[in-house]
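*Asks:* Here are the chains, one letter per residue:
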Amino acid sequence: MFESLSDKLGGVFSKLRGKGSLSENDVMAVSREIRVALLEADVALPVVKDFVTSIKEKAVGEAVIKGVNPGQQVIKIVHDALVEMLGSEAQELQFASPPCAYLMVGLQGSGKTTSTAKIAKILTEKHNKKVLMASLDIYRPAAQEQLKQLGEQTGIATLEIIEGQKPVDIAKRAMDTGRKEGFDVVMLDTAGRLSIDEEMMAEANAVQKATNPIETLLVADAMTGQDAVQTAKAFDEAVGLTGIMLTRVDGDARGGAAMSMKAVTGKPIKLIGVGEKWTEIETFHPDRIAGRILGMGDIVSLVEKAAETVDRAEAEKMAKKFKKGQFDFNDLLSQMQQMKKMGGMGAMMKMLPGLGQMAGQLEEAGVDDSMIKRQEAIIFSMTVQEREKPDLLNAKRKQRIAAGSGTSVQQVNQLVKQLKQMQTVMKRMKKMGMGGMMKQMKGLMGGKMDELEMMAQSMDPDGLGADMAALEDNAGPLGPNPFASGNGLKPGAGLPSDLESLLGNSSHGGKKKDRKKKKR
Amino acid sequence: MVFWRRKKNQKQHEEEQRDDKLLHPEGEPDLELPTEYDAEMDEHTRHEMEETEEEIIEELDEAPVPAHSIEEDAKEAEELSDHTNEGGWLSRLTRGLTKSSNKITKGITDLVTKKKLDQDTLDQLEEVLIEADLGPKTAAKIIDDFAKDRFEKEIDEKEIKTALAGLMSDILAPVAVPLNIEKREDGPFVVLVCGVNGAGKTTTIGKYAYQLRAQGFSVMMAAGDTFRAAAVEQLEEWSKRAGAKFLSKDVGADAAAVAYESYQQAKEQGVDVLLLDTAGRLQNKKNLMEELEKIIRVLKKQNEDIPHATLLVLDATTGQNAFSQLETFKEMVNVTGLIVTKLDGSAKGGVLVGLADQFGMPVHAIGIGEGIEDMQPFRAQDYARSLVGIEF
Chain V
1 MFESLSDKLG GVFSKLRGKG SLSENDVMAV SREIRVALLE ADVALPVVKD FVTSIKEKAV
61 GEAVIKGVNP GQQVIKIVHD ALVEMLGSEA QELQFASPPC AYLMVGLQGS GKTTSTAKIA
121 KILTEKHNKK VLMASLDIYR PAAQEQLKQL GEQTGIATLE IIEGQKPVDI AKRAMDTGRK
181 EGFDVVMLDT AGRLSIDEEM MAEANAVQKA TNPIETLLVA DAMTGQDAVQ TAKAFDEAVG
241 LTGIMLTRVD GDARGGAAMS MKAVTGKPIK LIGVGEKWTE IETFHPDRIA GRILGMGDIV
301 SLVEKAAETV DRAEAEKMAK KFKKGQFDFN DLLSQMQQMK KMGGMGAMMK MLPGLGQMAG
361 QLEEAGVDDS MIKRQEAIIF SMTVQEREKP DLLNAKRKQR IAAGSGTSVQ QVNQLVKQLK
421 QMQTVMKRMK KMGMGGMMKQ MKGLMGGKMD ELEMMAQSMD PDGLGADMAA LEDNAGPLGP
481 NPFASGNGLK PGAGLPSDLE SLLGNSSHGG KKKDRKKKKR
Chain A
1 MVFWRRKKNQ KQHEEEQRDD KLLHPEGEPD LELPTEYDAE MDEHTRHEME ETEEEIIEEL
61 DEAPVPAHSI EEDAKEAEEL SDHTNEGGWL SRLTRGLTKS SNKITKGITD LVTKKKLDQD
121 TLDQLEEVLI EADLGPKTAA KIIDDFAKDR FEKEIDEKEI KTALAGLMSD ILAPVAVPLN
181 IEKREDGPFV VLVCGVNGAG KTTTIGKYAY QLRAQGFSVM MAAGDTFRAA AVEQLEEWSK
241 RAGAKFLSKD VGADAAAVAY ESYQQAKEQG VDVLLLDTAG RLQNKKNLME ELEKIIRVLK
301 KQNEDIPHAT LLVLDATTGQ NAFSQLETFK EMVNVTGLIV TKLDGSAKGG VLVGLADQFG
361 MPVHAIGIGE GIEDMQPFRA QDYARSLVGI EF
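From first to last, the protein sequence lines stand for chains V and A. According to the working numbering, the first sequence holds residues 1 to 520 in order. According to the working numbering, the second sequence holds residues 1 to 392 in order.
Bound-form chain A, shown alone (with noise of 0.2 Å):
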């Protein structure tokens, strides 16, 4: 028996060695294709990127400081808001967040007053991470950060809670960046605005605009999004509430001649802000996927900067698959920026932590609802605290 299946293996070997020797035979020249032209072909598609991420950061860097600070903005915002609507701008963020932040701050304040901290304790306040949608790694990797130097040693509900708070504010508050606009003398600064459908995208074209609007630049909103009925409108009428220019073309249209056309226009008129509105597409929709990249290869046709800031808007009740989207979109259209919406939900978005600490990709602003003023600036320390329940 075992005499056969070792002639049986041999001339299978055999055969295998036959087979070798055809596929390659002695002598044979090195069919391999040269590693250099590989190399070349993904170097120059490299280079390429890097290229316009180096250019980003310039742009960064010698970014004059913004003609109006954040605290300007909020006092300018402020005033132009009406009031009519309960409360004011603070207060409305605040509520924003204190919604989605009631379950995690329950689930804490049900744990300790003040005792060793254990094993079960960490437990549960690894749950409530996971609850706010943190994902269970990063809720691991923070319980485990947490428990370091306090396993075992006496502590109260407030210092969880500042810690706790710390740690996500530690790995957020890189990423809190604001999105730096400036006028420029080639052209509008021109912003594409892309995501997932239902993420939120024309909404948070129509609240941004208003913003810029405050801010004194011109705006010009093009509704690149061809696909779905009525989103053309929809815009359009973001655009009267904004008091920005619109541009649209007929449902059906090609995505890119949008793009292209509104480009033109907004230079023409010495427009300062494109935002550039798409359809929702689903990251694992390959050809949706490509038909983002045309619209940005037939910007930079035009000009090689633009777009200045490609925006992914993020739903805050999406789960881990944040994380997909985010890497998808990173890698097709070179994503700068993050926008996270709805906010003012019973979702707490906690899926940011987790993106922030793998992809240390900027948050630009979280929208809290539905109104043309409800968008904020993202403040790490402030969502960390609201996060575990600190009150303002």
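One chain only, chain V, in its complex shape (with noise of 0.2 Å):
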């Protein structure tokens, strides 16, 4: 894993606290970090350094704020240049007099036939038109037979395949067959080809003079390395793009290539690609794919992920059984269920800033996936009594229990235990508010978990309670970058009760480890 840009930055200006500006030899101290950074991410060379030299000229003389350390300091300022680079505004997509073309185009295995089938669908059912796709692929084994079956499954119009056609007469016939039938618009999905094949993009070029589409689409892979700006560059002067669109963005890739691409052709982001499924597309939102680029997480998709897969009534019921300190094993229960539907705790810790790695440390501290699993099967051989009660449970019941589940006594205490101390926890908590929470957990992790901190500084709870509020009016743009609403730690703001939640149920990791230290 990528140590993120922010623990880096971190070690850099931990000398630097209490001065007043950040002066030149600050900055310089840093631009190699934020360099590596940006490289590892994947953002080509070139960009790197016209984006660090524009860094240093911003952030030279600027004013240190007061209560938030030099580095996060920098990070926003990086994050900020990197959204207004990345565009600051969702670019929509353009229409022209029927039949009006879309010319997909890209490298081999970028993803073109299922974006073009995925973009067809939004036309369809967010713009209400309609769309006829057709294949210019003639050289993949089955490409034109795929495009079909997309059509068939997404219930939008291909043209009539017909074998031993040049790419340039299919196009110019789906032109005609869009001008009798009617369509308003006919989405052209090309072969793959590299951007040295000289022949293949006359080929492409050729297309674009006889359909002059109004929209042609670079669709590249978010996991794409330095040639990005080579693809970009070559595709954005043999066809004149007019956007790109990036796929694979549900991938772990920092997606680095954005920055390159929208860099060197100056075109818009225009959409994003986030799963296999056809309905799985997104318009491109600047700030994410900015603090993915810096390893910051990406609070708002956990947020967002949270809102979707958590059940409100139940999330709020659970909070109010919290706050009274009242926690049994049915809650227990739902809870792992959630976090399940979520994706597991080690993809939840990814997902939270600088808690990359504690999902590492966790899961060498044996808290993973697959205990929840067991604890589960724990908490299912329970009866209904005693779920309800934990104290009801006595040695006896323990070994029913243990052998109901297939577990041992030991892992029955131990889950109790788990019980008791959540509870403990909850208690605390509601006191101490977020912020004292994560201080403590650093205690108990036994001062290892540096990032905790940072974590603690730079979350701030009311943001990220913005954030839930905006969900619940189903407000749409999730926006706020961890950094937009102000920074540093209000104590005392408690989190969302499901967010609460979960981060009550990782202490518990915490817990354990710090007892496996003390008996040795």
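Be careful, since some hints might not be right.
As the list claims (entries may be wrong) - Pairs of lysine-lysine residues, derived as DSSO-like cross-links and limited to a Cα-Cα distance of at most 30 Å, are as follows:
1. Lys141/A to Lys56/V
2. Lys285/A to Lys126/V
3. Lys49/V to Lys161/A
4. Lys49/V to Lys137/A
5. Lys21/A to Lys320/V
6. Lys116/A to Lys158/A
7. Lys148/V to Lys245/A
8. Lys183/A to Lys267/A
9. Lys330/A to Lys286/A
10. Lys340/V to Lys417/V
11. Lys301/A to Lys340/V
12. Lys21/A to Lys420/V
13. Lys286/A to Lys121/V
14. Lys115/A to Lys161/A
15. Lys58/V to Lys76/V
16. Lys301/A to Lys245/A
17. Lys373/V to Lys300/A
18. Lys11/A to Lys420/V
19. Lys340/V to Lys300/A
20. Lys294/A to Lys373/V
21. Lys49/V to Lys141/A
22. Lys148/V to Lys277/V
Unchecked claim - To give an idea of the chain A side of the interface with chain V (calculated C-beta under 7 Å), a few residues:
23. Ala229
24. Glu233
25. Glu237
26. Leu282
27. Thr317
28. Gln320
If you are wondering where the hints come from, they were derived from the structure by calculation, not from laboratory data. Remember, predicted model here, so these are calculated numbers, not experimental data. Ideal Cβ positions, reconstructed from N, Cα and C, are used throughout, including at glycine.
Please dock the two separately framed chains into a single complex, following the hints provided.
*Replies:* Printed below as a string of structure tokens:
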């Protein structure tokens, strides 16, 4: 795993606390770290160089805001500059008098065909357009068949396949069909081609000239490395791009290619693909990709995911229980299940800034998803009464439960203990608020987890609260990056209940580790 | 004020002590999970894994010398190629690789005629490596090694190229291992092919089957990608081109069932090599990775030794995410080797150097085009030399 930029800068700046403003030397000291971070995120070198220079200019002389560590302040400057560079507003798809052509180009395996179907679906459903899809890929085996099948799945018309036709002819036929049958948009899915393959690039150019597309989208993989610059430039020169569609953003690539391609072509990233199903397409949010490139985690996505999967009513019910300090096995169970729905503990940890590494550490400590599974089995082997009143559990009952769940009495005991610990933590958390708890967790982890403190500092509970509020109102863009709404910690401000519970859950990992240490 | 705070702290302290007592009463029996138990669980899995690895190593050791040497392969491929497609076999490789080295070469040529090796030059060299996707860390490491005995010394372009190529070749040489396919008594030699979406798995299988056929093996392909539209048709077309047997089930069928059935069929029909295609999956999709694990589980039930090889197909345009890909696939499905595709493009696939350094994972072959013959064994020296632009 990559060390996140905030961790690195935290180290560099730890000596600088208490200074009035960022001097040139300070900024120089971090510019190398920023450079490496961007390169590790696959931003292309020339783009990185320009960017770092502009950051230096912006940061030198900047007054240090009180209560914020200079590292974070630089990250905020970097983050904002990134957002600005990636384009601050979402760019809409354009239309012209029907039938207008959409041309999809890109390297082999970048996801053109799937993206074609996804965009066609959006055009149909959101923009009420009548769309025809045509595959010009006569090279890859079954490529035309693939688009045809996607058309059948999505209910979107596809051009009849005629064997042996040249791409340009297919494109012309598609436009003719579009005209005759009254289609608004004709989507042309081209074959994958290498940017240095002159013949193939000439073919793309010919198709472009024959159809005069209103949108020419470069489909590019979010995992692309330094080559992104070359590819984007070559395609832009050959066919004149109007925008970029970034695919596989649901992977764990940092997505620096987005920045490279935007920088060299100046063309906006219009859409992102976030899954294999044809509904999994989204408009581009620069701030999220910026956060990802910097390895800051993706709080917004986590909150969104939580909102998607966590049952509100249940969460509220649980929050009330927490406040009273009541917490039984039913609650623990539903918590575990919600966590599983969100992709397991590791997946969630990775989305929290600075906690990516903690996921690994928890795993080492044996707190992983298989443990959750085991514990679920234990709870399932309890009677209803036992689940509600953990105190009922005596030796005999424990033996029965252990036998029923295929575990051992020790494991049952461990779970009981964990529940008690959580009850205690809940009570304490109520008193301390988020920041206090984070510090405590740090203490419990044996001081190893500096990132927790970073997190406690950088997390703005109010900001998160606002995000959740926005979600509750179903108010669209969840924009604010962790820095947008002020910095530092406001003690006492609680997190929304579901996040609170999630964090509560992670704390017992710390406990366990801590205890092991004590024993040694 | 101070007094108050102390008092407050004290209260908290007491509270904590009380809680602690509550949680860990004196004379509390040792409820901590006996470490043996954990160890037992883990060890079991670990044991299983280690065993598999050992077996593979053993297999490699005992493997008979392949009937065909690389030279013979080359000759055969040369004979088999129809030459209608511009140029012979070697020139295609050269072309593919020089294409990928164009930029790096230019970069270096710009640098030096003959002068003292200074920090500026080193920085520029480092940048050249970074632009080839070696990644900042690997690039820095190679430049450090390079500068060790050469800093401040007179050096010219050729020396720089040779030395850099040598350094990278040293890292890459141990992983340039062809995949040893052998005819087995107990059934087909099973090769499972996995990778992220769009890496080029199906095309790779097509090319690989063709190569194996040319070497005299009988081959069956199984369409384990039951998810993507027309993936089955795509593989079927390749099977026709390569002259391989083909097995598929309906779209949406369980990929593990395809694996199971294909192994049965291949065994019955006495096929030498079974190539199992799988659906593309991003390494961070847990459920999809588990599906892949399941395929292997199902295979292992029939024969502990299979799959004999699990190949990860890696796109050369991929940047630093390749680390995450290899790490996860290796951990989940015990990848035994890599095939790097799309090296005929402008991407240089320099991430390979870092991968070789960190994982030491064998690189069996590279893909340099969409034609059925466009697959070559990975040769460390050639690759390293072409990366820095030394002509063949």
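*Asks:* Run every hint past the structure and note whether it holds.
*Replies:* Structure-based check of all given hints:
| no. | hint | result |
| --- | --- | --- |
| 1 | Lys141/A to Lys56/V | holds (26 Å) |
| 2 | Lys285/A to Lys126/V | holds (28 Å) |
| 3 | Lys49/V to Lys161/A | holds (25 Å) |
| 4 | Lys49/V to Lys137/A | holds (17 Å) |
| 5 | Lys21/A to Lys320/V | holds (27 Å) |
| 6 | Lys116/A to Lys158/A | holds (14 Å) |
| 7 | Lys148/V to Lys245/A | holds (26 Å) |
| 8 | Lys183/A to Lys267/A | holds (12 Å) |
| 9 | Lys330/A to Lys286/A | holds (14 Å) |
| 10 | Lys340/V to Lys417/V | holds (22 Å) |
| 11 | Lys301/A to Lys340/V | holds (28 Å) |
| 12 | Lys21/A to Lys420/V | holds (12 Å) |
| 13 | Lys286/A to Lys121/V | holds (27 Å) |
| 14 | Lys115/A to Lys161/A | holds (14 Å) |
| 15 | Lys58/V to Lys76/V | holds (11 Å) |
| 16 | Lys301/A to Lys245/A | holds (23 Å) |
| 17 | Lys373/V to Lys300/A | holds (24 Å) |
| 18 | Lys11/A to Lys420/V | holds (21 Å) |
| 19 | Lys340/V to Lys300/A | holds (28 Å) |
| 20 | Lys294/A to Lys373/V | holds (18 Å) |
| 21 | Lys49/V to Lys141/A | holds (20 Å) |
| 22 | Lys148/V to Lys277/V | holds (16 Å) |
| 23 | Ala229 | holds (4 Å) |
| 24 | Glu233 | holds (4 Å) |
| 25 | Glu237 | holds (3 Å) |
| 26 | Leu282 | holds (4 Å) |
| 27 | Thr317 | holds (5 Å) |
| 28 | Gln320 | holds (5 Å) |
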